[in-house]
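Trainee: Following the hints, put chain W in place on chain L, whose structure we already have.
Number of protein chains: 2
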Amino acid sequence: MFGPWIIAPISALISILVGAYFYYYVKRQDSGTKRMQEIAAAIEEGANAFLRREYTVLAIFVAVVAVLLCIFLPEPIWQTQKPIENVELTLAYIFGSFCSALAGFLGLRIATKANTKAASAAREGLNKAFPIGFRGGAVMGLAVVGAGLLGISIVYAVTGNPEIVLGYSFGASSLALFAKAGGGIYTKTADISADLVGKVELGIPEDDPRNPAVIADNVGDNVGDVAGMGADLFDSYVASIVAVMILGEAIDIIAGSAGLYTQIPLVFAGLGIIAAVLGALLVRVSKKGSPGKALNMGTYITCTIFAVLTFLASYYLNYDLRIWGATVVGLIAGVIIGTTSDYFTSEDKPPVKKTAEASLTGTATNIITGFSYGLHSVFPPLIGIGIASAVAYFLCAPLGDKYALYGIGMAAVGMLSIVGLIVSNDAYGPIVDNSRGIAMQGGLSEEVIRVTDEMDAAGNTAKAITKGFAIGAAGLTVIALLAAFQERAQSAGVNPSFNLMNPLVLLGALIGIAMPAVFSAMVMLGVGRNAFRMIEEIRRQFNEIPGLREGKEGVKPDYARCVDIATVGAIKELMPASIVAIGVTLIVGFVGGIEALGGYLAGTIFSGLLFALLMANAGGLWDNAKKIIESGEHGGKGSEAHKAAVVGDTVGDPFKDTAGPSLNTMITVMSLVASLFAVLIANYNLLKLLGL
Amino acid sequence: MFGPWIIAPISALISILVGAYFYYYVKRQDSGTKRMQEIAAAIEEGANAFLRREYTVLAIFVAVVAVLLCIFLPEPIWQTQKPIENVELTLAYIFGSFCSALAGFLGLRIATKANTKAASAAREGLNKAFPIGFRGGAVMGLAVVGAGLLGISIVYAVTGNPEIVLGYSFGASSLALFAKAGGGIYTKTADISADLVGKVELGIPEDDPRNPAVIADNVGDNVGDVAGMGADLFDSYVASIVAVMILGEAIDIIAGSAGLYTQIPLVFAGLGIIAAVLGALLVRVSKKGSPGKALNMGTYITCTIFAVLTFLASYYLNYDLRIWGATVVGLIAGVIIGTTSDYFTSEDKPPVKKTAEASLTGTATNIITGFSYGLHSVFPPLIGIGIASAVAYFLCAPLGDKYALYGIGMAAVGMLSIVGLIVSNDAYGPIVDNSRGIAMQGGLSEEVIRVTDEMDAAGNTAKAITKGFAIGAAGLTVIALLAAFQERAQSAGVNPSFNLMNPLVLLGALIGIAMPAVFSAMVMLGVGRNAFRMIEEIRRQFNEIPGLREGKEGVKPDYARCVDIATVGAIKELMPASIVAIGVTLIVGFVGGIEALGGYLAGTIFSGLLFALLMANAGGLWDNAKKIIESGEHGGKGSEAHKAAVVGDTVGDPFKDTAGPSLNTMITVMSLVASLFAVLIANYNLLKLLGL
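Protein chains in written order, with the working numbering: chain L, 59 to 750; chain W, 59 to 750.
So that you can see chain L by itself, here it is in the shape it has in the complex:
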């Protein structure tokens, strides 16, 4: 059963061990003053309340889906020859959602501890504080890749069947959809309602502890950026590996190569983890050094180690070097895509500068300018994804039929190989952002705040790069999933061609391109409705809790109730959008058949990438345009330009934190649903029944 791919579970375990080491490293650091500890404890309490509530609802959801899977997939239980596969698939699904939830839980848990510890260490200098922030983030990064790859390895070792691993991936993705879109609705709900009642109605400052929503608001960043982004990349990571395993299995069957091609992605992913672990251990900064450079250096080191390790593995294990080439192409494309999204959202580049300047002529010009640059920003990454797939394809095409699409899949694996480090960098962001808040609220010295500021600025850049990277990776992954879907349909005896001049493909594509728009609209409108409910609760507490408004000693608002309302509401608003997304996918498939569904998936990929990039970048750009003005340019804080920029930033918030980042996950979930149901749809669909 085991071959070279044993490297996968081994390095996954190493990753988990190093993650555990970082966990205890962070945990044993000093937590700072009493006041700092209090603030951190409140955030931790809120995050736990969120997770408790979310996981309770999720458990029900997972249970319902598990029953449905067990009945219908891979084949309906009443007609299958192998009912054991239904059970395996169901268990894999539950296991996948469990692993994804576990990674998110661990990451969020340490993130809410590392913030105060990094703030405390900042009193001793950057070189003491930075490793706490970074290693706190790295716990999440290493947990994601460790749990992801270990889970895949276990399912594959037990069943030997990539189709069952698909169930594991689906479990991870459905969890991710909740974590990402639900977290996105949650964080904006809390943000908007805390501001509206607190700042606008009562005139109390931001982050005032009297505001019942303040903890929900603080928790929001952690929930969206730590747990959400972690789940998002967990899902792309697992899905890319599974897609290539399915494509590889088809080659193995033809070439009689006994699992060789099925296992290459596992071997490479294992080496990617080793590279990321080494990279994470090597990230450090001197007393006067730049944290931004340290993070970038970590990324470049990891990429280099990965390229060298996979080259050596290919050489010694006799893998064709073309496959290695495709992998490296994906890796390079990922870095380039990340860098271009930095251009569009960076404070010292024209797009943000001109948007800040446009605020001088009013709110509308700020919004139009920012939106326009957001539209521009989709160009480089889309071309990057397109070129990476084409190069990977043509590199591997000479190996024979089916190898070309396998090459595209390996490019996705290559891009995602360094995901351990990418998530580490990303989770670092909200940790040091919180550190800065704690340092300020805890009344630490100017010098300490300067250190936390510097760490925070590096975090923002890292975040912009990660968002671009996550979208690029999702793009390549879903293209690989589309190929896997086609492969699955072929295994059912259909030989579909996704030719755009086929009207079913065209119809599917036209429906598909509408879906990300509809999904975005549903979650953004959901934020508004959810905020409305929460506002009612905040007003109620201020009215009913005696002494709260006046800030009487010992009177505390019911933070947990606000967290609870935001959480329940977020899940409630997310449900219709998710059901529409999955439901329309199944309807298109069971009515129009495989080709309509293929066109549909392609359509969702196209428009999903378009909107994800537009929303992420426009949102980031508006945010930084506001920051430029707050730093004193164009009239500074309180000027008309500032008011305009604040509106732009508020418009951008649900773009970049709610709708935009959910789209990756949405298209991955749709693609996985399609692949899971491919065989069933190929056999039973309306057009086939009608004989068309």
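Among the hints, erroneous ones may be present.
Given that identical chains are not distinguished, each listed pair holds provided it fits within a single copy or across any two copies.
Calculated cross-link-like contacts (lysine-lysine; reagent style BS3-like; alpha-carbon spacing at most 30 Å) [said to hold, decoys possible]: (1) Lys412 to Lys701; (2) Lys407 to Lys630; (3) Lys630 to Lys412; (4) Lys630 to Lys411; (5) Lys257 to Lys701; (6) Lys701 to Lys685; (7) Lys411 to Lys257; (8) Lys701 to Lys411; (9) Lys346 to Lys407; (10) Lys257 to Lys695; (11) Lys412 to Lys257.
Simulated from the structure, these hints should not be mistaken for lab results.
Mentor: Using the frame of chain L, we list chain W on its own:
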């Protein structure tokens, strides 16, 4: 040479004659008081200044392109066997741009006369005023279809070659790109700068005659909505007919049917004109009647007449009824798509109402809500286009190979057959809008203003429906053009498959979906730059013309100079966007070959439709949400909610008047460029040269 298709030039001539009759009907009406005539004269002067300037620049552009066409197409002049074809194509191109310009010129000319005459007649009641408004608009409608079809007929009669008719269509489309996108930049430039200097800086009222930009602003509506929409539908109309002629020619060659299938679209288009002429003659309203109902009734009558006439023609001329069926499917889809866009932009439906309500909680919520409903609104029309193509395809597929795509083309022809009436309804809008303005500025009675109000309200609804219709029609047309492109490539001996799993198709599609975003961004940012230049000029005039600011008797600003600056600037800003659109199309083709170009076209269609619908509907929705508040709800004029809604409306302006409506034309131009160059690209492209 002539067969039944002689109906095409004959009905085109009838259309032109009836249009001339309407022209003189409107012209001989009373022009109202002296003050009214003055206002109308100023608008007319401004419109003429715009046209003069635009046509001068366009003449140069057309000349340059004509030379290039003559050298390179259909085959490079130094290696072609038939140099006469290069000359024919060039002349057809010039002729196409001339006809399109002529139709726009006539329509704009009568629109700027009909406004004051309708206002004057409103003193005698609705039943006197309405026909002037409607017939003023119908001049444009009938000129568009008359000139369009007559031009096609002449080119086809002379050359007998649909490929040359493609040149005619390209001429019409490149003109349309200027009229639509240039007009869109123009109108918003004038609007923004007139407001910023007049209302904001100097505090003088809107439409104050002292403001040098006021005429430019008044002209804007006519330029964008009359000339622009006319050119847009002219271009879709011609392109759909040409696309089907090319597809029909391929069938004729196989079936030996001597031009039969090439000519069906001409016959049907001719019958469509007769239906539209009858419909236009039958549109009237009683003294107490509703103008909105009258317009709709005209549309339904035209559709019915068209369906009956084409059925009879099919019966007597022995056309297969399946082709008739495909045509009718397109017709029905057009009406449905128009109606759904009415839902999303209508003042008494939830989307607009909720957006108005959201203004209560601030600007950002107004924008997010409006944008979200805009995202929702793309769903019905995209599905409508998809289903119409699929039904048309499957209806005609049993006739044999190539007939199925021909069916999709005929659906586009069916949808566009009633375009004469649609343009009439649309051009009616700005005419009666101006009537209302003239009635108010001319100090007419309350009762008269109420009549003009009623006519205006019907115009707004008609406009919403037309926009949806225009986008739907463009959608089906470009799908037909994609098929025509494939056909042209096949005629060059390539047999391309636009399979999405082909990485070249995929790369092309990824570049293609980015193009409408980039194009929109370029024209929207262009509005900002252009407005900046115009603001300088307005300030200069106020500073340098003595007595202007104080409104001294006899002192007039230099209106023409503002018109000139807006015009030149609009063309200057449009040029880079157009060059990028056409340039990238050629680069993708000459580098990646036919399959990359096919994917690219599909990508531009997908994302072009998505953004065109989103922008048109979100823009209309914000506009009407503002109107609801201005009518007194949610605090009425001057309230905080009103301020928020005004910003939403201003953001929506470049969406709905600049970027959105240009996208149709942009994707049509790209598709035509691709078809024109198809043979050349099939023979010479980088990948082929490299042997890939």
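Trainee: Which numbered conditions among the earlier hints are violated in the structure presented, ordered from lowest to highest?
Mentor: The structure conflicts with no hint, since it agrees with every one listed earlier.
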